[in-house]
Amino acid sequence: MKKDLLALLGIILIIAVIINGTEIQSVDEYYLTHIDDITPESETVFITIRCDTILDNLDALDENLREFVPPDGVILPKTEYVLRNGDTVFDILDRAVRYNKIQMEYQGAKQNSFGSVYIQGINFLYEFSCGPLSGWMYRVDGEFPNYGCSKYELKDGQSIEWIYTCDLGRDVGAEWFNNLGGQNK
Amino acid sequence: MTKKIIALLLCALCFIGALTFPSFAAAGPVIETTLADNMTLSGSKKTFDVFARNSSGEKIKAVVKLNGETLTPTWDDTDKASYTLRFTKEGENIVTVSATSDGGKKTELTYHITYRKAAQGEAIGSAVWSVELFTVGGGYLVYPAEMPIYEGETAAEQLIRLLAENGYVGYYSGTPKQSFYLGYIADGASQNEKYDNYQKSSSPKAPKSLNIKTAVPEILKPYLKNTMTFFDESDYEKNWLGYIGEFVYTNGSGWMYSVNNLFPNVGFSDEYLSDGDVVRVQFTLGYGADIGGLGALGNGGFSGSGDMPESGYFKVADKDDLTALIAKARASGLLDRANVNKAYQNALSAAQTLDASQSAVDSALGALSNALFSPDSSSSSSSVSSSSSAASSVQSSASSSSSAATSVQSSASSSISSSVQSSSPVSSSESKSALEIAEGIINWKKTGSDSFLLNNSFLELAGSTAGDWYPIGLSRLGKDDNFGGYLAVLKDNVEARYKEQGKLSSAKATEWHRIALAVLAAGGDPTDFGVYNGQPIDLIADGVYDRGKTTSLGRQGINGWIWGLIALDSKRYEIPENAYYTREDIIKEILAQQLSDGGFALSGKNADPDITAMALQALSPYYNSEKRYSYTLKSTGEEVEKTVREVADGAVECLSELQLGTGDFKSWGTENVESTDQVLAALCCLGIDPLKDERFIKNGNTLLDGILKYKMSDGGFAHSFTFDPENPAAVPNSSNSMAGEQTLYTMAALWRFENNMRRLYDFRPEQSETLKERISLLESGISEITEDTDSETLERLLTAFYSLPENERSYVDGYWKLSDMARKKGIDIEQIAESAVVETFEENNGETEDVIFSESDKRTAEALPQKLTTEQYVTVTALLDKLERSKDFEGKARYLEKLTKAKAEIAAVQSEIDSINGEILEKLYPYDSITLSDKKTVDEIYARYEALSEYDRTKITGSDDLVKTKTKLDNILRGIIIAVVLGVIAIITAVLLILRIRRRRRKKEREMEELAQRYEDE
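Note that the protein sequences, when read in sequence, are chains E and A.
Going by our numbering, the letters in the first sequence line up with residues 1 to 185, in that order.
Going by our numbering, the letters in the second sequence line up with residues 186 to 1203, in that order.
Honestly, the hints are just simulated from the structure, not real lab data.
Hints may contain errors.
As the list claims (entries may be wrong) - Covered by chain E, according to a simulated footprint, are these stretches of chain A (three or more residues, beta-carbon under 8 Å):
(1) 690-703
(2) 1110-1124
(3) 1151-1165
(4) 1176-1184
Since this is a predicted model, take the numbers as computed values, not measurements.
Just so you know, even glycine gets a beta-carbon here, dropped at the ideal spot from N, CA and C.
For reference, chain E alone in the conformation it holds in the complex:
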């Protein structure tokens, strides 16, 4: 009789385990597969990709690129990502476009003279696609850094915006333009 009870208990236990899910993982596996999960403890950053300046300059845009400009100019709305140790602005952008299947083309840090990754095009919108002064710029917490995106290491809670400019940054309020104005007089 006792044995029956034991067997019954065993069966109940097994059923409980099955119902509860059986993802049995090693610690390494757990970290690997949960690296991007957002938990209350995880450090995160935000990223947005926009090209709304093109909406005001549609004449200058290549005809066959129109289909890639979303009606509201937002390619990726503000999205939160886990900040891994040492992540740069480029790492987050790369992860965001991969996860969201957004096309991107860039020049590796080795292939250009700036020693940093240079973003040539996102969502098929390239530098010069919308006039000679057009291309991609980024700002972090509202500031335009004057160095490459793979050199900018992020901190918890920072917010990245990738913005398409049609006028070398003037149309998106890049601050160094004011400095430049002061340069010659």
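We have chain E; now place chain A onto it with these hints.
Below, chain A without anything else, positioned relative to chain E:
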């Protein structure tokens, strides 16, 4: 009563506490070190000092960590502590120095030090060394000179080398690796194996004797008399002849050394030097108090009579820069020039004056530096070196006799002789400095142990902005490098990109222009470079005059027009009739974008120095043209008619205005080296002397000074010094590829200007000597023009100008003067231009050599691995190209087959890589949608990834995502299997349980039945 007093006292105490406490608490520890942030070092060891003090100025203990590991000091005294960094990790190393004092206040300094590993014994830079006997009036025992620093070598080992090379021996205790102490320096011929128990260093090949004529400077004597227990000026001659060191002359004498004007408190054997250090080995008579090094001995070691002044006898100036420059002057070969010699003698006397003021030292430094930059063209009469002055006088007489044939020459001699000299080896010192700067950059840029900069890892950059400018710079400097390899990989790159939509770029025509220049630099032909659709690729047609058939040349802005023109004029290519653009179209597009301040910019109303300078480089071949262009100014809409010269003069003025007091320029709000590079190159293209033209010297600073401001100790150049502490990952003040490449080709421009060669972007063969001479005669004629010059002379000069081939006229500097004067006198220039008979000059065609597939090439081909990876791409591509161009030899067919097959295999691997990359992008995202049904796909991709070689796997982007997805799916599957197994066990157990219960029940029933039966039976 007492209570009141106590309360009052307490109040007062509180008050004092409140007053003193804040100031006490606010000032935490102060730390100073001899390290600099963002240094790059190639030595694996670096010694440095730490001065840590609390707010009362007392020395406190500091904690020094290298990459988190705490270091113990090699020396620690009441003033400072010394540490030696031993790098094991290549790349960035973090050094933190922290100290806590004043009630828990902490200060921490962080240094980022990049370490580039050098092999044991490899030269990792050089230091300037001198051995000084100034305190006994003996001048330099060893004059300042550069000494190479070898990896792993201590300063003691260098010192021994220095002494031996200069004919002396040292007597020391300890060993050069440990506890080294220099007791005496002695005559090279000294035979004693030991002297006063000190060990003798190796004997020099050419021994010299010390030859000291003691003359202790007057200023020192009273101090020595006051502070030393023993002082006898004739002690050396009486007792020590041939040996100078401790206890000679005084009880406080001996050898000390300073590194970068600090006296380290570690011995020579604990000091590891780095590039650019200045080491002055100095003889002291008063424990260092006479040479600014009193503290270094530590206070305990001092035993004198009378009062030793705390900071030494007198103030001692920092003479390190002066010492380094003296070394440079001595190595320059220019000491025979009157101005250099004078400045040099003056510098020596400032250096040797013990109590020279800092301003006297600095002014001697400035004067010598100026003299070295612009040495007199001829030797001084007082010069020692007669051979070089003889050579230059032979040359000037030769040039004047050869010019005695034409009518202009009598007035010409001065400028002719100067132009002849500027190309002669004797006075090429200025160009040597350009070359030296260039060498520095080349050595900095070289990687690995290859003798060529364009090694295999560099070749992977062919066709990119990071790659192409280096071969351009190297080739224009006349440097030999792996141009064949570069050309082969570049051609492959161009052919592959031609197959893509948009070819080299859908927007940027400058891709064609830069590549065309790189092709020319590497010895190729940009009008016939590779094959596309069975037709030869013509980069000049596709990228310049026919670019408009695809998209505007100016699609990317004014850059496209500027570089298009530069590429077009690189060999003065002719434009065919049916082309999309004419030369005039392109020139006018540039002219029309001039801004009201005279300059040019990508956008906006204010000139940008880079774009303005590049526009000038492009327009320079037309500077001497009288052609007037009519165009509409884009900024104002105004119709104008101007010559290129008028436009260019405005742009030059604008640049002169923009130059900063330090000689450099600002672009986009940042002072930087590249803008300055572009301006210097532009002036060279225009034939304006960039270092002498008054318009480009600010506060005595030339453009070259503006550039050298950014030179780093590793030979490379920094882009800028603007630093953002918020983001330490971006390092502006360390050598940078773009700053290096632009400075490199700018030095080529300068070197070519100084040596009267073709301009930077003029890739035609050099002018023949006859042509050069004709031009220089004409130039000297022009330089003599005054208001009084008669029309006849002007007409003769004009005829001479227009009889030059049209494409050579841009090389006549100063033509504007002739043109202006002729117009003033009412001379019809056009008529002279038409009637002049244009002469032809032989071209200086270089011979093309046969390409030979060498034995080492064969060995490389044989040594290719069985399983090829993209790592061999560069090697195979370069080899195959060379083989195809090489002369026939036995076995060529076999090599052709092998290499062609190898190239195809690598191409297959490459397309597999591309395909896997595509699959990952396509099938792995978004994660949420990945389910077990995708497992097969993921496993397949993973298996293909695993099949790649380790090298090729690094080319898979998102491989971590692949591994992650595979793990996730494997986990899910494993979970399911476990669930199924557990389920099965549960079911079996349940079934067994039920069977058991049933069996038991049946048994019971049976028993009952039996019992009932028995009962019935009974």
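Status of the hints after comparison with the structure:
Closer than 8 Å: that is the beta-carbon criterion, and the region 690-703 of chain A has 3 residues meeting it against chain E, so the requirement of 3 holds. For the region 1110-1124 of chain A, the stated coverage by chain E is satisfied: 3 residues place a CB nearer than 8 Å to a CB of that chain, which reaches the threshold of 3. Coverage of the region 1151-1165 of chain A by chain E holds [criterion: at least 3 residues with CB-CB distance below 8 Å; count 9]. Remark: the region 1176-1184 of chain A is confirmed as covered by chain E, as 4 of its residues place a Cβ nearer than 8 Å to a Cβ of that chain, reaching the required three.
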